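*Asks:* Letter by letter, the chains look like this.
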Amino acid sequence: MKNWFASGTPWIWLNAGAISIALVAVFGLLFLILVRGMSHFWPANVQAFHYQNADNSLTVIAEIIESETVPAESVQGIDIKQGNVERYLVKTGNRDLLGSDFRWLYNIDLKKRETPIDVMVIERIEWGNFYGYLNSVYENDIKVSDEDNKWAEFNSRLDRAVQIRERILELEQGEIGAINYQLERLRLKEKRLIIDNELSDKELSVINKKRESLKSQYETFLQQTQKLYEDINRDSIRATVMDGTEVIIPLEKIVKTWQPNKFNLLEKTLFYIQSLWAFISEDPREANTEGGIFPAIFGTVMMVILMAILVTPLGVIAAIYLREYAKQGLIIRVIRIAVNNLAGVPSIVYGVFGLGFFVYFLGGNIDDLFFPESQPSPTFGTPGLLWSSLTLALLTLPVVIVATEEGLSRIPISLREGSLGLGATKVETLWRVVLPMASPAIMTGLILAVARAAGEVAPLMLVGVVKLAPSLPLDGNFPFLHLDRKFMHLGFHIYDVGFQSPNVEAARPLVYATSFLLVVVIVGLNITAINLRNKLREKYRALDN
Amino acid sequence: MTCIVRTMNNRMLQHKYNQRALKDRLARYFVAIGGISVIVAILLIFFYLLQVVIPMFESADIAESHAYSVTDEGKILHIGIEEQGTMAVRFTDRGQVVFFETDSGQIVKRYKLDLPSNITTISSNLDLVIIGLANGQVMLVKYVFEPGYGEDKRILTPLLEYPLGKALIVLDESAQALVHLDLRFNQDGFGLVGTTSDKRLVFNHYLQEESFITEEITTVINSRSVHKIDEDINSLVLSSDLNHLYVALEGGILRDYILSEAGFEDNYSDYKINENISNIQVLLGGSSLLIGLENGEVQQWMSVRKQHGRELTFIRKFHETKESISEIKSEQQRKGFAVGDTNGAITLYYSTSQRTLATINTANKKITNLAWSARAQHLLATDDGGKFYLYEVDNEYPEVSWDVLWGKIWYEGYDEADYIWQSSASTNEFEPKFSLMPLTFGTIKAAFYAMIFAVPIAILGAMYTAQFMAPRMRQTVKPSIEIMEALPTVILGFLAGLWLAPYVETHLSGVFALLLVLPFGFILCAWLVGYLPNNTAIEGWEALILMPVVILLIWISTAISAPIEDLFFNGDMRTYMSDQWGINYDQRNALVVGLIMGFAIIPTIFSIAEDAIFSVPQHLIRGSLALGASRWQTMLYVVMPAASPAIFSAVMMGFGRAVGETMIVLMATGNTPLMDMSIFQGMRTLAANIAVEVPEAEVASTHYRVLFLAAFILFMFTFIFNTAAEMIRHRLRKKYSGL
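Which chain is which? The protein sequence lines are A and B, in order.
Count along the first sequence from 1, then add 35; that gives the number in my numbering.
Count along the second sequence from 1, then add 24; that gives the number in my numbering.
Honestly, the hints are just simulated from the structure, not real lab data.
These numbers come from a predicted model, not from an experiment.
Watch out, some of these pointers could steer you wrong.
[Unchecked claim] Here are the simulated lysine-lysine pairs, DSS-like style, with alpha carbons at most 30 angstroms apart:
| id | chain 1 | residue 1 | chain 2 | residue 2 |
| --- | --- | --- | --- | --- |
| 1 | B | 758 | A | 224 |
| 2 | A | 244 | A | 262 |
| 3 | B | 177 | B | 330 |
| 4 | B | 99 | B | 136 |
| 5 | A | 226 | A | 237 |
| 6 | A | 226 | A | 245 |
| 7 | B | 296 | B | 223 |
| 8 | A | 574 | B | 502 |
| 9 | A | 362 | B | 47 |
| 10 | B | 177 | B | 296 |
| 11 | B | 758 | A | 362 |
| 12 | A | 461 | B | 40 |
| 13 | A | 224 | A | 250 |
| 14 | A | 146 | A | 178 |
| 15 | B | 177 | A | 570 |
| 16 | A | 461 | B | 47 |
| 17 | B | 759 | A | 362 |
| 18 | A | 362 | B | 40 |
| 19 | A | 574 | B | 758 |
[To be verified] Cβ-to-Cβ under 8 angstroms is the rule here; a few derived chain A residues that face chain B:
| id | residue |
| --- | --- |
| 20 | 534 |
| 21 | 555 |
| 22 | 558 |
From the three backbone atoms N, C-alpha and C, an ideal C-beta is built for every residue, glycine too.
The whole structure should be built from the sequences, with the hints applied where relevant.
*Replies:* Listed below in structure tokens is the structure:
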């Protein structure tokens, strides 16, 4: 035994254990996010728990979220004091009736547990899910369904309601939004002319005329939406909750409905894919705790693209200067170390700089110079998309510079000399020979920069993200790309919904799902970068020989 | 012919060549300018942060803008100045109230108060003037500068209001002349106190009630009480809760009378001060006394809770001038004050930071009255020759000093000096507390616990990966760790706060059991593998074999968690700890932060350390092995010494990253700025504090600049740390290239 210890084998195993812990932690974490995030959309069976004891009986209809065994004595409010009890965390929905979505159930006095075939789940616009049984469908207080066709009737009428709702949304966000936007621009134009003292009667009449026509358009659209609202209010259903009471749910308030216990595996899979798609493509509801995350995805992508557009030329030029043009000496070495170390400066520091310099200093001055008409409300003097992209570009600049420099330094000197020897100028050599060969390295740097930017939240909290942006930074209104707008971001969405939302428990699966999406994007980008880098190394190894 | 073509060709070639050379030159300038400006932009961060921070440490400026004499009937007893410093008011002892322009002294409006007797003293409470008469009566007058706008100009209309009506209040029933006066409001009325020429203290308490219907306020006297004293009284001041009357007596005695609504409680305590007191004032907020002495010193005293009840306690002193203090005036929105002395010098102090901000002497005569404008940008003074002085004060950041940021400060309402961060509150009278100590402490604490977890795993793991692991496995392990580095910290923070924190809370003893179970489990596993036939085949793949073992061991630890708690901790480790050892448990604590932030910094340390160990020259290792050393001995005595500087720099880089990490600490700690090293308590770090407070800080306020200072500290700290680490690595690389 002593010899065995002296041989060092156990210590090597201990070292191996350390790396195993790290690996288990990484993959465990990814697995945890995957499971928790992706299981949420699966249409689990809804179960009915029938409780019966001497005094009373109770039925609970719910989805089981998790079950565990706990010592009986640690549970309050039950009679048993010995041994263990099994308990379930279940989702009962019906927050409007019960006060919360979740509750604990115990395996005590449980007489029967079943999966009732015709139980129905409704995803509502407000108050979360509804669980219960469909009784009948009503059109303007007149019953229009019988026992056999009620489900089909409900579904066809729901389709109609959903279509109308989409149309309303389209009108309000599209046409009416555009009119409001144009009206606001007219107001600003008028104010600008007043400030510049150039408002002539002629122009005033033009503006007023335009305003009148916009207002009349607005009226017609408003009437259209009012008509649609009347239409959508037509139908409603009556449904029974688990305690037997009947409730009325207007179809206007319903997103979708399903009967999970009737689904077979294929249908469940289909439903799952649909839910996942809805999550990615829809707007959030209920303070971000329900619905989709489309604006957050869109905002993240927008911001990252802008950042990439800003950071690539800057980083590449800086790297070319450092590597190809600057006289290599002490100063350049110091600068190189400084640039390297900037990658290690905490991101929040960049956020603070962005807020102080970009937003308040640059933005404030831009507002004073170019947007005096909208004062005192700031245009660029407030956190927004442009400043976020710029801040993150600065943050990721060292990444691009370092990667590009590394790429440039790997290109064999013989190639440059060959090009120069054939009479090419330095810039021609750079442009035609060096840069194309370094492009994979530049790509690697860019991808790493994008991956870092996509996951960075702390600086963005200061320079532009919001929990709920009223409109996307890209839309159909001139000038289409609104750099001054605030935007939503996946990372901030996670922070906000996970920690600042009123109903953390209900929102948690969505946070996991969002996390999963973000992880997929970032891990994907990183793997691409790693592969690219490896390929690059192979390529130049061949060249070196 | 050919000749012409050739020259043409030559010319074209020449032209083309010139063009190319021009392009080359242009590109050179373009790249140089572009490259330099990008680098400058990066360096801008440093200078910009510095530029925001520096104004905080500059001292204040005070400059005389106007001085003029006025001729009035009588002596000036009180002055006041409006918010923007354009108009002022003076009260004389003949009942004259004169509103005048501050720049010229030109009179705007003159009132004559209708008084039955001569004025003997005037005291004030912001814009409320309390006038004491020779017949023991008191009149309350409020001066108002009513703002209005006309023709792009702000127009002020001076007005006098009588909050209790024009009728006089009888303070002293025996109708003696009043010498000193003070009045304070509390929530249900006010207290009025005065001294009379026959050395009696008179205290009246009044109740005020607002009628629901007419909103009219009725004032009723609640109690009258009188106290005779023998000593000469220099000055007095009433506490804002009406429970104390502080009187300065001749001979340097500060007397604290206990009051109730019924009046004097026949109970007082004396505090001896070495010098004669010339003036007492309360600081804004009413919790501190400012005591001006005849040797020019100003002392700040506070009522502090001690063993035997509350006691007046000396807090700090300010001593710039050497002449007797004749007037003290507290600012209206901050804890600063101006002091005038008998020689005409005016000094600005700030209480919390104990700073002497500025001093000026243009009067050379005793300063009799001082008045601050609301935002403390203008200071009006009079001397006893009836001359007025208007000073412009530029004093934006008096709250901060080295001691405030890094030292213990005795704040109002606290029992002792302490490090406290509390940057804002709802009231104006709040004393901002800008100690960076708790935040720095929290930052280091979080980083420390993260390092405890990360350093062993990262370095041991790096040792194994670099030297013992099979190359094929290494090819997948390294990217996995790189992906670990790329995981967004917001996700880690979210998991820490919402998944790990509750998990650790319920499996606390299991988490600690892991500390033992894991290493022993690994060694046990190694021992068992030794008995396998053909066990050399797994050499280099130990880590793969151990992965299921790790999962198993974690599962075992979780499973034995509850039994351990039953066995040793009466079923619940947290309750047991707080009962038996007095250790409190926060759900979001340093343990959780340490685990998750450790996870986040493992890759940083691992990558650098692994590179360093891997790049130790092979001939060193082969030499050692050839001499008969075992693989482990080679590792320990050859590889590690060679790589140790780089490993040290890896640890430094990891520390640098942990210090600046924001989202994890923001989400996984309670963000409480306390100084407690306990692993079961939360903390607030510099970075998290910035993230929380910057969006709400008023631009260019002291708070905003202090947060920028915090960012600057983070910047400098990580920059210096990383540079040092980089230098170490650089030197090591040189050393290897020599080998």
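*Asks:* Which hint numbers does the structure go against, in order from smallest to largest?
*Replies:* Per hint list: 1, 3, 10, 14, 15, 21 violated.
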